[in-house]
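Q: Start from the sequences, fold in the hints, and give me the full structure.
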Amino acid sequence: MQRREFLRLLAAAAAAGLPVASRDALAAKSPDALYRVPPYGNVHLLHITDCHAQLLPIHFREPQVNIGVGAAAGKPPHLVGEHLLKAFGIKPGTREAHAFTYLDFEQAARSYGKVGGFAHLATLVKRVRAQRPGALLLDGGDTWQGSATSLWTRGADMIEACKLLGVDIMTGHWEFTYGAERVKEAVDRELKDSIEFLAQNVKTADFNDPVFPPYTLRDMNGVKLAVIGQAFPYTPIANPRYFVADWTFGIQDEEMQKVVNEVRAKGAQVVVVLSHNGMDVDLKMAGRVTGIDAILGGHTHDGMPAPSIVNNAGGQTLVINSGSNGKFLSVLDLDVRGGKLQGWRFKLLPVFSNLLPADADMEALIRRVRAPYEARLGEKLAVTEGLLYRRGNFNGTWDQLIVDALLEVKGADIAFSPGFRWGTTLLPGQAITFEHLMDQTAITYPYSTVTEMTGSRIKVILEDVCDNLFNPDPYLQQGGDMVRVGGLTYTCDPNAKMGARISDMRLRGKPIEADKTYKVAGWAPVAEGATGEPIWEVVAQWLRDRKTVAPRRLNLPRLAGVAGNPGIG
Amino acid sequence: MDFMRRTLLKGAGAGGVVGALLAAGLLRPNQVFAAEWNAGAFEAKSIADALKAIGGAGTEGKDIQLKVPDIAENGAVVPIEVTVNLPNVQTISILVDKNPLPLVASFNFAAGTLPYVRVPIKMGETSNVRVVAKADGKTYSVAKEVKVTIGGCGG
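Going line by line, the protein sequences match chains H and X. If you're matching positions, the first sequence starts at 1 in this note's numbering and goes up one per residue. If you're matching positions, the second sequence starts at 1 in this note's numbering and goes up one per residue.
In short, the hints are calculated from the structure, not lab data. Any given hint could turn out to be false.
As the list claims (entries may be wrong) - Quick list of in silico lysine-lysine cross-link-like pairs, DSS-like style, CA-CA up to 27 angstroms:
hint: 1; chain 1: X; residue 1: Lys144; chain 2: H; residue 2: Lys497
hint: 2; chain 1: X; residue 1: Lys144; chain 2: H; residue 2: Lys459
hint: 3; chain 1: X; residue 1: Lys98; chain 2: H; residue 2: Lys497
hint: 4; chain 1: H; residue 1: Lys497; chain 2: X; residue 2: Lys122
hint: 5; chain 1: X; residue 1: Lys67; chain 2: H; residue 2: Lys258
hint: 6; chain 1: H; residue 1: Lys459; chain 2: X; residue 2: Lys122
A: Here it is as structure tokens:
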């Protein structure tokens, strides 16, 4: 059978609504075809970001709701499900469709297996690198946080794994939640001579001195390349400030322009930014700062199959965002001749664990770093009957489980859970181990809290978080999702102004009263001196008591004013 | 006093020097504020009253560079940086529209002093930060919004 004919058959099968697995059997795209990326040009950059310390293969469901507002409405990354497939020309029901969307998640996950895992990623990195002499591997950060072992080793397991993976350059965000001292110790000792930690936008609060080198200049196949680091600009706001009390962050795009000008003056023929801005901020920055050829970004966990091309006063900048949780490897090939960029090729490769044999050395390292903790990690707390996932603008079933547990254990009226975007996915019937619970909760400020709040205070909090998500100016967004809410129902109008997005707040059907006091449970307080039982202890006990967890009923706000937005699936 | 005055003004940039001089007893508060202390302006409770008390907002100040964070990392210490690219700058005033007492600071410049100020200010909520500068007897102003947020919940 000819390949073309084969694809036509495949399309027909898809149209006929055959189940995913049989469609895939028809497609049977060989792993070699999926991972065949012929090298191009002379400057090669591999990019991973936001792996959140996931050393082992996992499932990760992409968002069903990722609404863009203002100029971002309907544009990447604010496309979900079929809208995303259509925009990027990806055939529904394929492996790629599974990698990039939430569609048919459970069935597709069972068909295609898990994604990511450092041993499988290592094999892919080696394969891609073998064809690309001199290639650099860039890591956008959120690497040392997100798992039990990373928390218990304060990032040491991930640092070892990244060194073996061959990461050359990194920047950070959640890394800073181990505290400034730990970050400096890791950078000065453990990363020394192997991984450069770059951040042009982290300065000392007193005299504005740089804390990390802002950039590095490298020679690759006769081309002078500059890589500039951009850490998460709102680290002291989105996470506890006391961890980095003496440092100041911010977007600092004027400083970024100065750094770009400086590296260009030093002879850089191609300039890239390794960014943890979040994609909307990357896009705005690309329009304002000139002289950057490509931004390789992360933070908002958007896995974009193709770069966004942004025009600015100096030319064009490619904006690439490479997903999360070890699911993807970006490959950017640049052709630099005559002192400037002549052309580029890009591919975001999904890491399908069962298509890529585990790298033996990495597998051994992972086994070794996990060994002291295996018994604790493996404790089976309960079995889930429903799909458990987190990602989405307003809620996920994992967060629903957490707020349900908080409401019951703390006897609260209302429960809040932060809008984190990390956290892996479990399929119905899977056991929830302590490790899985830690994948949702492993942070350095895990305290659960109970607070008496007035109705008006609750409104202020919801409005504040909502503005951090839906302010039409990306520079005023923080890149998390909406706070997850248990008990309380509300209406949300993302396009409204700050202070007017939240309405019709109700508890058990009765309107919330501004002056009445409610008992509110939560976790992950950013205030210094907060205490409380770690959230994982609260939820673990709740799960042990249950043994089986029925599918969660998602508490989602009623949405207003966003009908037809392709960020809703 | 000339020497003292210059030190004082430079001190505003580095921060803390004024406080240090006061603590060391080298300056008495009434010396610092001398003749220019405008009690009415500092006690005004609305932005309109405060502006009126310092002589109005004047015209749009294209030559005033105001550097503020997009989102304050800490509402209690928001760094504000002002450079006025005009000759003969006499005063630079900083106001926060929604602060209970909107006029935060007012700096008087002797002839020939670099019209540059970097000062940490306190903000209770998201608000415009306004700079009013007087140069050659004319008044100019510029404003930028600084977001103050509860924080948490990111990423």
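Q: Now look at each hint and say whether the structure bears it out.
A: Structure-based check of all given hints:
1. Lys144/X - Lys497/H: holds (18 angstroms)
2. Lys144/X - Lys459/H: holds (26 angstroms)
3. Lys98/X - Lys497/H: holds (18 angstroms)
4. Lys497/H - Lys122/X: Holds: Lys497/H and Lys122/X sit about 25 angstroms apart, inside 27 angstroms.
5. Lys67/X - Lys258/H: Measuring from Cα to Cα gives roughly 16 angstroms; hence the hint holds.
6. Lys459/H - Lys122/X: holds (24 angstroms)
Of the numbered hints listed earlier, not one is contradicted by the structure.
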